[in-house]
Structure formats: C-alpha cells, structure tokens
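Chemist: As you go down the protein sequences, you meet chains A and B in turn. Using the UniProt record's numbering, you'd call the opening residue of the first sequence number 1 and step up by one each time. Using the UniProt record's numbering, you'd call the opening residue of the second sequence number 1 and step up by one each time.
Hints were generated in silico from the structure; no laboratory data involved. Treat the hints with care, as some may be off.
No copy is singled out in the list; a pair is fine if it fits within one copy or between any two copies.
Once the Cα atoms are required to be at most 30 Å apart in a straight line, the calculated DSS-like pairs of lysine-lysine come out as [what the hints assert, rightly or not]:
# : residue 1 : residue 2
1 : K269      : K223
2 : K21       : K75
3 : K223      : K309
4 : K225      : K269
5 : K75       : K225
6 : K223      : K75
Protein chains: 2
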Amino acid sequence: MRGVVMRTPGDVRVEERDNPKIVEPTDAIIRLTATCICGSDLWPYRGVEPADHQVMGHEYVGVVEEIGEQVTTLKPGDFVVGSFVISDNTCEICQAGFQSKCVHAEFVAQIGTQAEKARIPHADGTLVATPGQPDDDLIPALLAASDVLGTGWFAADAAQAGPGKTVAVVGDGAVGLMAILAARQLGADRIIAMSRHPERQQLARYYGATDIIEERGDEGVAKIKELTGGLGAHSVIEAVGTQESFMQAVGATRGGGHLGYVGVNHEVKIPGIELFFAGIHTLGGPAPVRRYLPDLIQRIWNREIDPGKVFDLTLPLDQAAEGYRAMHERRATKVLLSI
Amino acid sequence: MRGVVMRTPGDVRVEERDNPKIVEPTDAIIRLTATCICGSDLWPYRGVEPADHQVMGHEYVGVVEEIGEQVTTLKPGDFVVGSFVISDNTCEICQAGFQSKCVHAEFVAQIGTQAEKARIPHADGTLVATPGQPDDDLIPALLAASDVLGTGWFAADAAQAGPGKTVAVVGDGAVGLMAILAARQLGADRIIAMSRHPERQQLARYYGATDIIEERGDEGVAKIKELTGGLGAHSVIEAVGTQESFMQAVGATRGGGHLGYVGVNHEVKIPGIELFFAGIHTLGGPAPVRRYLPDLIQRIWNREIDPGKVFDLTLPLDQAAEGYRAMHERRATKVLLSI
Numbered sequence: 001m002r003g004v005v006m007r008t009p010g011d012v013r014v015e016e017r018d019n020p021k022i023v024e025p026t027d028a029i030i031r032l033t034a035t036c037i038c039g040s041d042l043w044p045y046r047g048v049e050p051a052d053h054q055v056m057g058h059e060y061v062g063v064v065e066e067i068g069e070q071v072t073t074l075k076p077g078d079f080v081v082g083s084f085v086i087s088d089n090t091c092e093i094c095q096a097g098f099q100s101k102c103v104h105a106e107f108v109a110q111i112g113t114q115a116e117k118a119r120i121p122h123a124d125g126t127l128v129a130t131p132g133q134p135d136d137d138l139i140p141a142l143l144a145a146s147d148v149l150g151t152g153w154f155a156a157d158a159a160q161a162g163p164g165k166t167v168a169v170v171g172d173g174a175v176g177l178m179a180i181l182a183a184r185q186l187g188a189d190r191i192i193a194m195s196r197h198p199e200r201q202q203l204a205r206y207y208g209a210t211d212i213i214e215e216r217g218d219e220g221v222a223k224i225k226e227l228t229g230g231l232g233a234h235s236v237i238e239a240v241g242t243q244e245s246f247m248q249a250v251g252a253t254r255g256g257g258h259l260g261y262v263g264v265n266h267e268v269k270i271p272g273i274e275l276f277f278a279g280i281h282t283l284g285g286p287a288p289v290r291r292y293l294p295d296l297i298q299r300i301w302n303r304e305i306d307p308g309k310v311f312d313l314t315l316p317l318d319q320a321a322e323g324y325r326a327m328h329e330r331r332a333t334k335v336l337l338s339i
Numbered sequence: 001m002r003g004v005v006m007r008t009p010g011d012v013r014v015e016e017r018d019n020p021k022i023v024e025p026t027d028a029i030i031r032l033t034a035t036c037i038c039g040s041d042l043w044p045y046r047g048v049e050p051a052d053h054q055v056m057g058h059e060y061v062g063v064v065e066e067i068g069e070q071v072t073t074l075k076p077g078d079f080v081v082g083s084f085v086i087s088d089n090t091c092e093i094c095q096a097g098f099q100s101k102c103v104h105a106e107f108v109a110q111i112g113t114q115a116e117k118a119r120i121p122h123a124d125g126t127l128v129a130t131p132g133q134p135d136d137d138l139i140p141a142l143l144a145a146s147d148v149l150g151t152g153w154f155a156a157d158a159a160q161a162g163p164g165k166t167v168a169v170v171g172d173g174a175v176g177l178m179a180i181l182a183a184r185q186l187g188a189d190r191i192i193a194m195s196r197h198p199e200r201q202q203l204a205r206y207y208g209a210t211d212i213i214e215e216r217g218d219e220g221v222a223k224i225k226e227l228t229g230g231l232g233a234h235s236v237i238e239a240v241g242t243q244e245s246f247m248q249a250v251g252a253t254r255g256g257g258h259l260g261y262v263g264v265n266h267e268v269k270i271p272g273i274e275l276f277f278a279g280i281h282t283l284g285g286p287a288p289v290r291r292y293l294p295d296l297i298q299r300i301w302n303r304e305i306d307p308g309k310v311f312d313l314t315l316p317l318d319q320a321a322e323g324y325r326a327m328h329e330r331r332a333t334k335v336l337l338s339i
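Isolated chain A, as found in the complex:
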C-alpha cells in the first residue's frame, strides 16, 4: 500500500509500505477514506522534532476491512471514525473519561494514517462506527471529529464553557475554531475569539464568536478584562501552545475560572507563582476524543454542526508533499488528503 513517510525534516514522500495485518485479536484493519495533516506534523517537518524515515498521520476515517476475533462492536464494511490515541475504553481511566491516558494508550501517529490502510489496535475502544455509509459531503466533518473537533470540544469542556459563561479562545487555528464551535454548542453566552487574521475572524464568527480581539499578550489580557467588567473570562481555551499564549490564557481567566489547554510546546515553563496567584482551574492534555466521538458523530450525522469547513485545501494522498508545503507556508490552515 502507499503511505506517507518523512525521510528527513521537510522531505515528505508517498512510498510503498507493507500492508497491515491483524496481529492482536482486538485489532481491526481499516481502508482509509480520508486523512489529514495536523499542525503537529509540522514539528518534524520543520526540524523542531527529529524525522528519520517515519510514518506520518493520526487523523482518519475509513471502512473496516477486517477484524480480529475479539472485536465485537464493528464489522467489515462499517464506516468508522477513530481517535488519535488508541484506547481500550474499558480500563478505570477510560471509564473516567480520559481515554487518551488509557492503560493501553498508544499514539496513532506511530501507526501513520496518512496511508491507504491502517491496523488499529483495541478497535472496539478506539473506533466508532457511523450510523450508516456517510454522504461524501460529510467526510470532512467526520474526519475533523478524529482530532481537531474532538480536541476543540475537549478544550471547551475542560474550560467548562456553557450557559451563563463568557469564553475566551486564544488561537484561531483549526483547534481554536473548533473550540469556538464547541463553546457555542455547549451554550456559552459570549465567545471572544483572539485573532488577527481577517479570514479566520470570519470563520470564527461563522462558528459562533460574538467578539473578536486582535491584541495579544498583556494587551490581549487587558482587552478581555475590559470586556468582562474587569474580572476576566469564566472559561479560557488555550489552542496555540507557546509561552506567550499560555500566559495570556492564564491572565485572561478570572479567579476561580477554568482554563482548558490542548497543546504546549517544549519551551513552555509556567511560573508556579503566577499560576498560583491566578487561582484558576486548569485541565489539559491530549484530548480524550473517544469520549466525545459518539456524540460528535451524531451531531455531524444530523447536520447540526459543520466542522468540515476547517479544511481549506483538499489533495489526493499522492500529493501529500504539497499539502505539507501549503501548511508550512501558511497557504492552508488544514489540508485533507483523500485516498
């Protein structure tokens, strides 16, 4: 089968890889329908992380081709959406809703779903079947559920976005936009998007932002305070992951408020004393997408939400290299690869 391999930073190829086979009785083999390129895939692309002939991709939707003998909730032919972290969905941690910290957790990035097929371990606990074969126009939305939507939703949930709340979203990338969508769906009164890109501001408003703030850092915090009677937002979502954006998010959260964060880079060092005196709740980490998948799939199936708009470029798998370039050069926010 064909699959993306990053030979060295920036050198993305579509190469012939071995067809996956059932190894464990809880595995499923899926034939991918679509996959995509994540902002985190740019880390090795840009050399921020090492890259040495590694497989790529962790977002995916597809059709079950074969199942191991212990798989009970899926059958060949089912269309499935999977989380970017493998989970058994039965351990104590999964049962508490933190499937990304499952005792059997494994990052799908190690499997590499920018490919024609993939072996998914713990298939029952990782994949969720859609109610039927989806219409083509639903594919991007279902694919988004696999990571960016699930991650944005977790961020909004972690920030306790909901009725009566003012939510501030730091970051206007795909995850930030999905967090806006989630905050809106969760019933937040007011959603402040921090964005300085006109086309993303537009998308932010489409997904439910009621206010836009262009300022960053301390000025951005001051602006949030100004809009919230000096108190700060009840719920803040951090969807950038730099030192500045993280501290901006801390500063924007009111005392006793909730900060949900879904990515930080290796350079971030949080001054303990600042976090302490902020007096806020925080929850972050790789999103337990599997917890939200059944609900998100249903909302997409019912056409209540349209997260697919975050993909602004679609290319065939063979042109993966161009997809990486487009994201690297910021010509695209998020690239869908059709297979």
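Here the structure of chain A is known, so what remains is to put chain B in place on it, guided by the hints.
Modeler: What follows is chain B alone, placed relative to chain A:
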C-alpha cells in the same frame, strides 16, 4: 497596643503600635484572643523575602470591639474567626466561592494580626461569628480554621477528595496534616501521607492517613503508583511548594485526576509539556477560607474535628521572637501566640 514588627530578616520585636480605628463603615475592630506564626512568615524571617519594619501575622480569632455603621452580621462582643484574605463576600467572584480573589481582596498580612487588636475591612464578608463564646480549649481549633485548616480543606476540595477516592498528600507540615483531616471528613477511602518524620507520621495517622510513604521525588511517585494499581492517586494535595514537591504531586496524579496545590515558591517553573502529558485537573491559589468558615466553625463547635493539635507550642505574644526561632529551627511545627 502591642504588635509584632519584623525590623529586618530574623529581627522580630513586639513593639508599641497605633491602636486601630474604624476607617470605612464596613470595618470592624477586633481584640485578638489568639494568633499564630505561619510557615510563610519564615520567608521574610529567613531573608527569602525582604523585611523592613513590617507588621506580621494573618491568622486570627478574637472578639469584636467596635463595628462600622454598615456592618450588619456582627456586633460588639461576638467571638469571630476571620479569613487571611479580606473579601466582601458579595461580588461575582466571591459568590462563585473564590473569596481569596474577591474584587476587594487584600491580604491580612498587610494588617498584621500578631497584635492585640486589628482593623478588619469588609468585616461582614471576612469574619464569621461563632455560635457563642467558645470554651478555651476550642480556641486553637478555631484559630486553625483561619488559615491552615481552611487551606488544607480547600486543597482537599480542589483535589476532589471524597468517597471512592485514593488521596495522596505531599507535605506533612500543618497544612498537609489539615488536608489529611479534610480528606478524611470528605469521605476519602484511602489517604496516603508522604512523610519521613516519625512524630508527623503519627499525627498524620491521627488525622486519618491510612498509608505512609517515606520516599520522595520519582521514588515517591513510583511508590504511589505501586499502591494504586499503577494508575496514580485520584486526588493529590501539594502542600510544600517546591519544584520537587510540585512535580512529585503531578507525577502522583492519575490521568484525569485532580491536583490541589496551596503554595508554591518563587523558584517553581512547571514544564508545560509534563503538565500537558499528565492530563490532570489542577486547582490552586490562596485558599478561599471564607467559603469554608461557617461549615468549619460548626464542625469544630460540635467537636467533630480537632485541628488544634497542629499547634505544638503556645507562647504569649510578648515571646513572639522565641516562637519564630522555634519554627525556624524546626523545634515547633506551628506556634500559637496567646494575647
């Protein structure tokens, strides 16, 4: 009146200070019955923070002597317990239970309650009257409610200690011991105290610890994992405030678990990536003691809890200098000053 003044680091005097007077109509003047020395008072004592003829003390119980004309819930003669942070208890932040982040928040340390009297601003929102005049033997317990008990209780609450939970407590000082008491009262199944001092281990068991771990750092984390089926504790309380103890607390918390922390020093820098991949809830800050005071006072009044045992040395106010020395030299855990 007499009051403690720290002239320079380590130079503690009991000097003549001006008698406090009502300034705002929401003030109360209280005659202190007892006060105490906090671990944080040792920071300027040891020169970790500057000290220049400053008043000291933020924990206090006493009798109302005079009230401003807008004070409605207290009257002269009432015995009161106060929080170590001034709060109006009516603003949006207070109503959400985060009185230590009140829009009128002010640290009582600036007022200095190691003295015969004190002016307490926002008296209705800061002080709580006991049901009547307390018996003498209840004074230490009521005094503990003012900070160490309230802080330990907040830490246990922030860590969501409760039925079905395994709680780990990092730190066996007064606050850590009070967090054990709180976790027990909140119904935790199992309480693991991290302590290597025999006499504090004994007190930890008295207050409800079911297990003691002497190891620290990575070894301490490994031991917690060993006791929790490899998962980590549901609820972890950080009551030390150093880099090592904070990261030990992060490591001891299971994915999706809750970390409550109630003090960090200026050196603590939390690696964002470690906190992220831990996938845990955190809540910390100066404790909103006022939220808990009515309940804590009632539990003490009913003699359901006995937090007063954390005081292992009682001295008259005039011997404050000896009290500081005893704590500095670790001859005492916590010193009560009677007035």
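Chemist: For K223 vs K75, is the C-alpha pair at or below 30 Å within one copy, between two copies, both, or neither?
Modeler: neither (52 Å within a copy, 42 Å between copies)
Chemist: When Cα atoms must be at most 30 Å apart, do K269 and K223 count as within-copy, between-copy, both, or neither?
Modeler: both (24 Å within a copy, 27 Å between copies)
Chemist: Should K223 paired with K309 be assigned to within, between, both, or neither, using CA atoms and 30 Å as the limit?
Modeler: So K223 and K309 pass the 30 Å test inside one copy only (28 Å; across, 48 Å).
Chemist: For K75 vs K225, is the C-alpha pair at or below 30 Å within one copy, between two copies, both, or neither?
Modeler: neither (52 Å within a copy, 37 Å between copies)
Chemist: Since the copies are identical, ignore which copy is meant and state whether K225 and K269 lie within 30 Å (CA to CA) inside a copy, between copies, both or neither.
Modeler: both (24 Å within a copy, 26 Å between copies)
Chemist: Up to 30 Å between alpha-carbons, please classify K21 paired with K75: within, between, both or neither.
Modeler: within (16 Å within a copy, 79 Å between copies)
Of the hints listed earlier, those the structure fails to meet are numbers 5 and 6, in rising order.
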